[in-house]
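Asks: Add chain Z to chain U, keeping to what the hints say.
Protein chains in written order, with the UniProt record's numbering: chain U, 1 to 400; chain Z, 1 to 400.
Each hint should be verified, as a subset may be incorrect.
Per the computed footprint, the stretches of chain U lying under chain Z, defined by three or more beta-carbons under 8 Å from a beta-carbon of chain Z, are [to be verified]:
1. 203-212
2. 269-279
3. 366-378
4. 387-399
Keep in mind that the hints were calculated from the coordinates and are not lab data. Backbone N, C-alpha and C fix where the C-beta goes; we use that ideal spot for every residue, glycine too.
In case you want the letters, here they are:
Number of protein chains: 2
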Amino acid sequence: MSDSEESVSGSLAGYPTLHRLLAAHLPPAALKEANRLLRGYNGGDLVEELQLPERLVSLAKNSNFDLQGYSFTAAREEMREPHVVRAALVQNKIVLPTTYPFLEQKRAIMSRVETLIDAAASASVNILCLQEAWTMPFAFCTREKTWCEFAESAEEGESTKFLQGLAKKHNMVIISPILERDENHGNILWNTAVVIGNHGNVIGKHRKNHIPRVGDFNESTYYMEGNTGNPVFETVFGKVAVNICYGRHHPLNWLAFGLNGAEIVFNPSATVGDLSEPMWPIEARNAAIANGYFVGAINRVGTEVFPRPFTSGDGKPEHADFGHFYGSSYFSSPDASCTPCLSRCQDGLMIVDMDLNLCRQVKDKWGFPMTARYDKYAHLLKNYVREDFKPQIIKDPLLP
Amino acid sequence: MSDSEESVSGSLAGYPTLHRLLAAHLPPAALKEANRLLRGYNGGDLVEELQLPERLVSLAKNSNFDLQGYSFTAAREEMREPHVVRAALVQNKIVLPTTYPFLEQKRAIMSRVETLIDAAASASVNILCLQEAWTMPFAFCTREKTWCEFAESAEEGESTKFLQGLAKKHNMVIISPILERDENHGNILWNTAVVIGNHGNVIGKHRKNHIPRVGDFNESTYYMEGNTGNPVFETVFGKVAVNICYGRHHPLNWLAFGLNGAEIVFNPSATVGDLSEPMWPIEARNAAIANGYFVGAINRVGTEVFPRPFTSGDGKPEHADFGHFYGSSYFSSPDASCTPCLSRCQDGLMIVDMDLNLCRQVKDKWGFPMTARYDKYAHLLKNYVREDFKPQIIKDPLLP
Numbered sequence: 001m002s003d004s005e006e007s008v009s010g011s012l013a014g015y016p017t018l019h020r021l022l023a024a025h026l027p028p029a030a031l032k033e034a035n036r037l038l039r040g041y042n043g044g045d046l047v048e049e050l051q052l053p054e055r056l057v058s059l060a061k062n063s064n065f066d067l068q069g070y071s072f073t074a075a076r077e078e079m080r081e082p083h084v085v086r087a088a089l090v091q092n093k094i095v096l097p098t099t100y101p102f103l104e105q106k107r108a109i110m111s112r113v114e115t116l117i118d119a120a121a122s123a124s125v126n127i128l129c130l131q132e133a134w135t136m137p138f139a140f141c142t143r144e145k146t147w148c149e150f151a152e153s154a155e156e157g158e159s160t161k162f163l164q165g166l167a168k169k170h171n172m173v174i175i176s177p178i179l180e181r182d183e184n185h186g187n188i189l190w191n192t193a194v195v196i197g198n199h200g201n202v203i204g205k206h207r208k209n210h211i212p213r214v215g216d217f218n219e220s221t222y223y224m225e226g227n228t229g230n231p232v233f234e235t236v237f238g239k240v241a242v243n244i245c246y247g248r249h250h251p252l253n254w255l256a257f258g259l260n261g262a263e264i265v266f267n268p269s270a271t272v273g274d275l276s277e278p279m280w281p282i283e284a285r286n287a288a289i290a291n292g293y294f295v296g297a298i299n300r301v302g303t304e305v306f307p308r309p310f311t312s313g314d315g316k317p318e319h320a321d322f323g324h325f326y327g328s329s330y331f332s333s334p335d336a337s338c339t340p341c342l343s344r345c346q347d348g349l350m351i352v353d354m355d356l357n358l359c360r361q362v363k364d365k366w367g368f369p370m371t372a373r374y375d376k377y378a379h380l381l382k383n384y385v386r387e388d389f390k391p392q393i394i395k396d397p398l399l400p
Numbered sequence: 001m002s003d004s005e006e007s008v009s010g011s012l013a014g015y016p017t018l019h020r021l022l023a024a025h026l027p028p029a030a031l032k033e034a035n036r037l038l039r040g041y042n043g044g045d046l047v048e049e050l051q052l053p054e055r056l057v058s059l060a061k062n063s064n065f066d067l068q069g070y071s072f073t074a075a076r077e078e079m080r081e082p083h084v085v086r087a088a089l090v091q092n093k094i095v096l097p098t099t100y101p102f103l104e105q106k107r108a109i110m111s112r113v114e115t116l117i118d119a120a121a122s123a124s125v126n127i128l129c130l131q132e133a134w135t136m137p138f139a140f141c142t143r144e145k146t147w148c149e150f151a152e153s154a155e156e157g158e159s160t161k162f163l164q165g166l167a168k169k170h171n172m173v174i175i176s177p178i179l180e181r182d183e184n185h186g187n188i189l190w191n192t193a194v195v196i197g198n199h200g201n202v203i204g205k206h207r208k209n210h211i212p213r214v215g216d217f218n219e220s221t222y223y224m225e226g227n228t229g230n231p232v233f234e235t236v237f238g239k240v241a242v243n244i245c246y247g248r249h250h251p252l253n254w255l256a257f258g259l260n261g262a263e264i265v266f267n268p269s270a271t272v273g274d275l276s277e278p279m280w281p282i283e284a285r286n287a288a289i290a291n292g293y294f295v296g297a298i299n300r301v302g303t304e305v306f307p308r309p310f311t312s313g314d315g316k317p318e319h320a321d322f323g324h325f326y327g328s329s330y331f332s333s334p335d336a337s338c339t340p341c342l343s344r345c346q347d348g349l350m351i352v353d354m355d356l357n358l359c360r361q362v363k364d365k366w367g368f369p370m371t372a373r374y375d376k377y378a379h380l381l382k383n384y385v386r387e388d389f390k391p392q393i394i395k396d397p398l399l400p
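Bound-form chain U, shown alone (with noise of 0.2 Å):
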């Protein structure tokens, strides 16, 4: 499928975004109010568009990549400096056939995120995060174990090698969610994120907690439950954490991240629009809101077409995609702002300034950490996960 053709498959009405499809249809004042309640600013203005460097345009306009830029703010303090950083979301399309060899297509991918990581260090990214299983197609949905190939040694892969290289020379933290070959265990895989320090060192790993169960999509035929807890990597820009992909309909993950410390918390994603859409603009953005720390929410895009074609237990015909990726990746604030989102259809860079001070801030006026009441929750679920656990039902006396 060519670029033109698959742009018009994987708009929306014709437009790459709704809040593009919203900026061309509605009169400014209209458009101010659902952009107020789409993606508004508690009490406040709307989140700035970040000026970038020209050069930086024109090259994301000749690569042909989405580039966008925002900047949440936060309060002026009095006792702390202001803590900003640049953080920043790649997605994109795999890059070759999948008929072609693994070590090409790979490879081809390598390059083309080479190109988005350098743009984004044209503009002084300080923390960038790759979408999930960002070496590879999606490929899970074939059920075919062929993919398996693809896995990597978290520490000695290559992916791992090549962003320990660009982290160095950009002084940049890179977050990279690969398939994780474990050679230590019994050559077992894992859904995981390395996390590369901006000296080029790798800092640490998070395997992906909650795995996808979702109709007849079982990713546990790939890989299991992670046995990483829910860690937060503490670098020299942020305190950081990855919700990897499914994980993110799981409220308890987010809120762990959240307990931990994390101010960022990165969600890379693989998710196709009949599955999903109308729950991607909600679920990161709730985990912002109620942890008190920016998300940000990364999908693949486009549509991956495989060799054989494979059935998807819905009673449909046999079919050789997935469906479409629809990218539409962005970032959400603690003060329930968020960015637009990145094109349905296109590679993209997502590029935001934060001031970390803000999750507290937001913590110190909404007052859900003082009034969560841990305890409670604490005693309930570990009644819950008993055998013999009694549900609080309140029965209608006068019924039968």
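Replies: Here is chain Z on its own, set in the frame of chain U:
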């Protein structure tokens, strides 16, 4: 303030809801896409409009309330009959100025609410929920204790007796959120939802679990954290629960109602535009998705002017109102679909049909409960509430 003035001040660039604003300006294909993203059914059609009796439509027009009806559908199962219930939300303004004698104020609201409940009954509504503290102006912003006079016994108060009559007459479960006076415990106050069965019997009550301390707005001036847990009320029509107002910011509170088996959770609220409006379409909808139940979110409507001005700890001069309560009540479904909102400016009645079988269907499809790993989080929360809790932080070893 007259009705026409208020409908202007409360409108979105002249429209009573976002969905009507979009419908007025977007061409059909663009509107379809916007609706799919903003309130779409997973992989399917939008929530359908419900055909309501012509007499009821006329009544809404003549009695000046916004009437909307929708129908959530579910798949037909082989082993269970459909379990369709008709549920309703009521949002309303206070009727008399806050300077009027308290009893007159309360009775005027009761009379207006009777009109709305009778209207719901004429469409054979099974379960109906009123807004938070519906018998009174939302006076907590004043911090004056005189408004405590509006509190009533949950079991014996005038509002309960009044609704018991209506519930019996209409064969309707009615949920009545009031300020409760607890005479048996030192005359203390609670923020309570009374659940009245379809025979007019009081099935039980739930007391608000989480108390806002937002900026200077501290409702613990009036009442304290509830002591009733997270009960689910088993009624003849289905299993319902009540998450009162600020509890919507707490994912654990939503979770607890789900673990106890709720099929519909109502969220009677009172909140103003500058404070929370961008969050309003997010939190209840996220809760429905994450927990596999329907949510009915209710917010009062109008601007309530108090006799004596007050400050709000935000550096602004004293003022006599808390802001505009933006209504916008809506229902959300576990499959991520939702209704449009009721008006920002008018009293309203939202009626929906829902097949409660959908709750289990969505859980089967998405698999959230089976992938939730509750045991891990039970352990985390147990540790978290200990004074010696150490967050799981992996520090970059190259940091000083």
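Asks: Now, for every hint given, state plainly whether the structure supports it.
Replies: Status of each hint after checking the structure:
1. 203-212: Held - the stretch 203-212 of chain U has 6 residues with a Cβ nearer than 8 Å to chain Z, which meets the minimum of three.
2. 269-279: With 6 residues in contact (Cβ-Cβ under 8 Å with chain Z), the coverage given for the stretch 269-279 of chain U holds.
3. 366-378: As far as the stretch 366-378 of chain U goes, the hint holds, because 12 residues have Cβ atoms under 8 Å from chain Z.
4. 387-399: holds (count 9)
Consistency note: the structure conflicts with none of the earlier hints.
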